[in-house]
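Asks: Sequences and hints are given; from them, build the entire structure.
Protein chains in written order, with my numbering: chain X, 5 to 291; chain G, 30 to 297.
By construction, these hints were calculated from the structure, which means they are not laboratory data. The beta carbon of each residue, even a glycine, is placed where N, CA and C say it ideally should be. Careful: at least some of the hints might be erroneous.
Stretches of chain X that chain G covers, calculated by requiring three or more beta carbons in the stretch to come under 8 Å of a beta carbon on chain G [stated by the list, open to error]:
#1 7-21
#2 104-112
#3 124-137
#4 248-259
Here are a few chain G residues that sit away from chain X, every Cβ distance over 10 Å (derived from the structure) [stated by the list, open to error]:
#5 48
#6 193
#7 247
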Amino acid sequence: MNALRAVVRFLGPIACAHLTAFVLIGALPDPEVSALGLWSANPQVRQSAQARSAHRGYGEVLRDLLQGDLGQTLDQVAVATEIGDALCESGPRLALSFLLIAATTGVVALLPGWAVPWTGRVASLFAFLPPFVVPFVGVGLLMWARTRLPALSEYLWGWACSLAITLPGAALAASQTAEITQRNLNSPFATTLRALGTSRIQQRIVLLHNLTMELAPTLEKLAIGLLTAALFAEPTFGLGGIGTLLLRAIRRNDVALLLGVVLASATVVGTCRLASTAIRRRYGLAA
Amino acid sequence: MKGLIVLPMLLLCAMAWLEVPAAYEPWQAPSWRAPLGTDELGRDVLRVLMASTGRSTLMGTLWAATTLFLATLAASLTLLPGLRLGAQMIRLATQVVESVPLFLWVLSAFAAYRAHSALVVPIAFVLAVLPIAHAVIQGEFTRLADAPFIEAARLAGLSTPRLIMAHYLPNAVPVIGPLAIQLLGIAISIRGAIGVLGFSTRADLDLGIILLRGKENITEHPLLMTTAVLAIVLLYVYLDAFSRRLSAARKRDEGPTQPAQGARSPAR
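Replies: See below:
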């Protein structure tokens with residue numbers, strides 16, 4: 005029964021997200037209508053063009069999905085292939101970003117007490133910035149560097165994209181970590197530890213358990229943040245990946261590709277939610 | 030003194046109506062007439078920034094305020110007995126919306142209903158952010174529900190609506206303040222994101238579009254991008270101070286919470 009409940013809790017939001025996206029995106033203009041510039045044409049001509057194109061109902065889409073077929077893009081390439089290739093290209097960048105975010109969290113958790121509030125403020129500032137500011141500034145700096153150090157600029161291009169993807173998520177994680185650490189340092193438990201004469205590093209290592217438990221719900225937000233950052237960073241740096249694929253799908257009104265990306269995104273976030281629940285259960289907390 | 034912290038916000042919103050004529054030559058260097066130079070359309074960059082900041086702040090504030098009002102209302106309703114099912118449904122809606130990047134929802138809605146984008150974008154923003162904002166506020170209300178003063182007020186016979194107005198809402202201000210700032214940041218980003226997609230007009234006075242144009246001209250004219258980023262940073266610093274001032278005033282109203290003078294905790 006518990007396993008069934010867990011499966012429903014995992015698949016439920018994914019299925020609802022897919023359906024919601026279909027209802028929203030299904031209202032998108034037919035790609036043929038968009039391509040031929042029929043948006044502002046005679047309504048009868050537009051309806052005639054739309055009647056000629058094939059419209060799939062959600063039942064048909066769901067049936068194909070259950071058979072493992074995500075459909076084809078406007079370029080007649082299998083959606084699963086496109087998403088797989090994009091994830092292979094983005095995968096190393098996203099993995100590096102995740103590691104850097106974890107490292108940032110560790111560093112903030114070990115900072116001296118006086119530095120924690122200021123770190124939280126600076127991190128909140130970076131979290132406030134629009135997600136495309138960092139890629140824009142990064143591209144600008146690299147283009148300026150290209151005139152002076154072209155070889156170095158080319159080498160740093162990919163790394164800069166990874167950094168641009170990392171920064172918003174790292175800012176979010178750092179601000180959350182600073183807030184939680186500050187609260188933990190004021191707790192009676194931490195006061196007792198200090199009174200017992202434990203060193204600062206020892207106190208922080210003990211408090212890391214509490215930090216891990218309280219940061220667990222942030223995993224889903226980090227996953228979303230990484231996808232959003234990739235949406236802007238990869239096209240800005242001219243690199244392929246899931247972000248570039250998503251932007252191409254939105255621009256071209258590619259319904260099948262958009263639904264496929266929504267499904268992939270919902271699955272990743274659902275997995276992070278599952279991991280977050282498991283972490284909290286390990287510490288004896290309700291989900 | 031409290032009015033002084035609100036005055037800059039009113040001035041920022043008033044700047045939204047600033048006129049920005051194209052009265053100069055394109056890409057002029059900074060001068061007395063145009064302290065930050067001119068852009069590619071011959072407009073004074075300082076006036077462009079002021080008008081863009083004002084419009085972005087005004088629109089962002091309206092969108093964020095609408096979202097917060099609806100989210101707080103929904104969180105307050107779930108405190109009423111018999112609405113537990115509503116709370117579960119809102120939790121599911123939050124998980125559904127959070128499964129996909131916010132920008133994907135809003136940009137897809139914009140792409141679908143481009144002809145009515147002036148109304149569609151704020152509606153899509155509010156609908157996309159509402160479940161998340163509600164989850165944060167409801168989480169805070171749930172935490173406050175176990176507070177001793179809430180229990181005491183309930184035992185004293187206070188009705189739920191009065192409990193919400195007198196205790197829940199004022200004590201949730203330290204959470205709602207930072208949330209409002211983040212929502213404002215997202216609202217400002219949305220317009221710029223539409224520009225990134227290529228759906229907006231280059232002459233629009235919006236911080237996001239200024240950033241986009243700044244990126245395109247960053248090597249020859251870096252001042253545009255630099256000043257736009259600086260404007261956003263200054264805006265955040267002010268909003269952060271505003272939020273902290275609001276939270277500090279709330280704590281003063283509650284009375285002293287600091288330990289007695291002379292008591293010192295061990296060094297960290």
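Asks: Which constraints among the numbered hints does this structure fail? Numbers only, ascending.
Replies: Violated hints (numbers, rising): 2, 7; every other hint is consistent with the structure.
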